[in-house]
Amino acid sequence: MAGAAPQGASAGSDIYRGNGPRLLLPVWLWVGIFLVAPVLIMAVYSVLTKEFRGGVIWDFTLAAYDQFFLDRGLFGDEPPRIEWTYIGIFWRSIWQAGLATVLCLLIGFPTAWFIATRPARVRSVWLFLITIPYWVNLLIRTVSMKFLIRDTGPLNEFLLWAGIIDTPLALVNTNFAVQLGLFYSYLPFMVLPIYAAVERYDFSLSEAAADLYADSWTTLRLIILPVVKPGIVAGCILVFVPSLGAFLAPELLGGAKTFMIGSLIEEQFKGAAGNWPFGAAASMILLSIVMAVLLLHARAQTKGDRT
Amino acid sequence: MLDVAQAVEIDSVVKRYGTVTALHGVSMAIAEGEFFTLLGPSGCGKTTLLRCIAGFEQVSGGAIRLHGEDIAPLPPHKRMVNTVFQNYALFPHMTVLDNVTFGLLRRGWGTRDAEARGREVLRLVQLSEFAQRRPGQLSGGQQQRVALARALAPRPKVLLLDEPLSALDLKLRQAVRSELKSIQRETGIAFVFVTHDQEEALTMSDRIAVMSAGHVQQVGPPREIYEAPQTRFVADFIGETNLIDVTVTQVSGAVARLQLPGGAAMDCPAAPGARPGPGHLSVRPERLSLCAAGQGDLAAVMQDHVYLGTDTQLLMRLADGARLVVRQQAGSGTVPDPGAALGLRIEAGAARLLAD
Amino acid sequence: MTDLRHFTGFRPLTVLCLFILYAPLVIVAVYSFNESTSITRWGGFSLKWYVDVFTGPEAPKFRDAAINSFTIAIGAATCATLIATAAAVAMTRAGRFRGKLASLALINLPLMVPEIVTAVASLVFFITIGLTTGLLTIFLAHVVFCIPFAYLPISARMQSVPDVYEQAAMDLYATPWEAFRLILLPLMAPGILSGFLLAFIISLDDFLITNFVKGAGVETLPTAIFGSVKQGIKPNIMAISTLLLGVSVVCVTLSWLIGRAGQKR
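Protein chains in written order, with the UniProt record's numbering: chain Z, 1 to 307; chain V, 1 to 356; chain G, 1 to 265.
The shape of chain Z in the complex, shown without the other chains (with noise of 0.2 angstroms):
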């Protein structure tokens, strides 16, 4: 360990030992005041009274989240039962996200899989071809694979042309495209972890496994996916949570049947129908969401490390 100090151990160097609360503290007054301050006051803004044309009345109450989560009738004098609306359309948000992420393992793993057995030189550039869309503007993206998938646009002409298809497919405003919306935005987000873990992963398991007579399928359900189980579950939940809160794929892909979270959060605080409580306390519910998926994977994740 005396040895050890001097050459390169840099995650550990104290150099600038004493400075670093100093150096922390721009990040925690910007984050501190610009983010977190804010979701706190969201926080409160969920338990206020709405005021119509937007904003809130400074009274406590639990109105938004009894309006979530409870249906009492036109005026409000029936016995609560549970309201399915609002509910549905968190279910069918997880369900998209869900799928969308579904999508995003069945192509970016063989796309990490294919990237990372390249020689070391012409890896990063593979690398970089996947990653360059991820940096393009998200509307610019969603607005062209709407263009692309349209009933008049580019794909269907090519269907149509190509003789495979006899009438247009009708792609907009379904979920397919949002999925496919959600597929496009995030899937870099899948491809990198499992890219990682991949490229870390040691090839004379495979050989040893080979040796013992597994053919190379076996090898990979029995070997490599458990081995690199890790990075994909980290590429799941990288897709998933943006998924979960999209508001463009759902918005411009989708119609009133593919109605998400996103959609449903914005619409509370644009013009006179918003309900701010309503909105914040939607955002609030989204976040616990959010906040748990986290947290179970950072759980089992020092889980799996103590083993």
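Everything labelled a hint here was simulated from the structure, so no lab data went into it.
Incorrect hints may appear among the rest.
[As the list claims (entries may be wrong)] Listed next, the stretches of chain G that the computed footprint assigns to chain Z, with coverage defined by at least 3 CB atoms under 8 angstroms from CB atoms of chain Z:
hint, stretch
1, 6-16
2, 168-182
3, 219-229
[Said to hold, decoys possible] Taking lysine-lysine and the PhoX-like style, the derived pairs with C-alpha atoms no more than 25 angstroms apart in a straight line are:
hint, chain 1, residue 1, chain 2, residue 2
4, Z, Lys270, G, Lys61
5, V, Lys157, V, Lys78
6, G, Lys61, Z, Lys257
Cβ atoms here follow ideal geometry from the backbone N, Cα and C, with glycine treated the same way.
Knowing the structure of chain Z, use the given hints to seat chains V and G on it.
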């Protein structure tokens, strides 16, 4: 030694990392103008001690005095001590001259004076024509000399060298040794040199401190370290030795009377701290010689031999099962057959009773 | 001999993956050069929609939006880069201290909170503290989510620069600040530049949060495009999109090349 000024005094220095103790109260004094070596296996604490002197590690206890002033509380940049790093740590984005003048400029020298001094030091290490190169364009040996020049330029009170030759290949290392030694003499600056290579330590040093597991085992000139080791660790680490279990019957001053395995009694020099009772005798393989069975100091049985060119190693076994190695110079006598019973004679004054 | 790394079908899937990623962008870029006013029929090559972007009836709107977008992106990226650099020094070179783990979580928090939640929270926050929404609020909100993107390449680069160089500098009488300024900063300049470029693109791209905190009358390019797209995709939007796409690709490529060159040194 008394009237020589001390450049560095290490006074009961303790260094702990959490629950692990790397230095257990280490003390030593390094004289002005001395080439002083910290020698030991990796993990013995020699590099930690060097980094404590440089200021990269804070001591957990004790004092480090530079010309009498305690520098232990000072940050590295306030210590008049410079280091030659193991992999040189030459600033890759600066020219050789900028590297060499870096310390001078931080010390407040004027640009022109710093440049003059920088060129002077580069001349000393024979790299004048490389002043405008980048470190990446130099060979390993040249980089090593730039690192030396950079550390010498501010005329530090002590120069610390952290295994500076370990990155060089064998041939170059041997050439650099004498060069380093002559530069040290020329500048008159005390060098504290860390190495795990005993040959390096023995050939270059004025004095050596052998360290093990955070303790100083022995401090002394190379000849003393080799010929009069005090502890089992030193005897074993420096060169090759035979450790023979003996019974010490009496210690008077620096001489001990002891009983060898097989019963023969002998007198021999004893390390300070040797006590009556069971003890260890160190005898170098080249100072044992063969004689007829029943004669000499020890009775042994020939086991095997290893031919090494300049000499031959004879592997022996004593009656109690202990193994011994005897070195026989090429051309001096024949190799006994395995199983032959022999006598072994210890050269007069060559055995030494160890302290532990 | 069979290659254990090879699985049949993975290469075509990778190609399909790239095709899905690039096809929409390529199609839009191609159609932005369409002579025809109809977006469905190809009427020959023309630059008329690019001319329209700069001189057409909507040109002033797009020019103002572009100025806003770039001003905010440069400001937010600069600010986020400074904050992220300081944080990276603390996380990679200040040893252990209390609250280090919590700080890492805080740096990455903007990535974990769903964007729509951040958008809503920012809006109610600015209204509560009485800050008029506009360019300033967009800037303040953008810095938050730019920080983790700037932090990533900066801390990665800092970890790859061994601290012996700074130790050597301090050994040669440099104060910690001098060691940082004269040694670490130049050595990790590529990382900082990468971080800045990524933060810049992320700010330039943001739609959702901007849409919430921009207030009335202030537009950035994404909000202007979104407003326009709601009434249908027009050819001039495709031209603007292609231009913006070009800016992103250039920035990312630069960032990538800089990172690569830095590694080689």
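Okay, the hints, checked on the actual structure:
As drawn, the stretch 6-16 of chain G meets chain Z at 8 residues by the rule of a beta-carbon pair under 8 angstroms; at three or more, the given contact holds. Given a C-beta distance limit of less than 8 angstroms, the hint that chain Z covers the stretch 168-182 of chain G holds, as 4 residues qualify and 3 suffice. Restraint check on the stretch 219-229 of chain G versus chain Z: 4 residues with Cβ-Cβ distances below 8 angstroms, three needed, restraint holds. For the proposed pair Lys270 (chain Z) and Lys61 (chain G), the alpha carbon gap of about 22 angstroms is at most 25 angstroms, so the pair holds.
Among the hinted pairs, Lys157 (chain V) with Lys78 (chain V) is consistent with the structure: their alpha-carbon atoms are about 12 angstroms apart, no more than 25 angstroms. Pair hint Lys61 (chain G) plus Lys257 (chain Z) does not hold up; C-alpha atoms about 34 angstroms apart against a cutoff of 25 angstroms.
Hint check: a violation occurs at hint 6 only; the rest are consistent with the structure.
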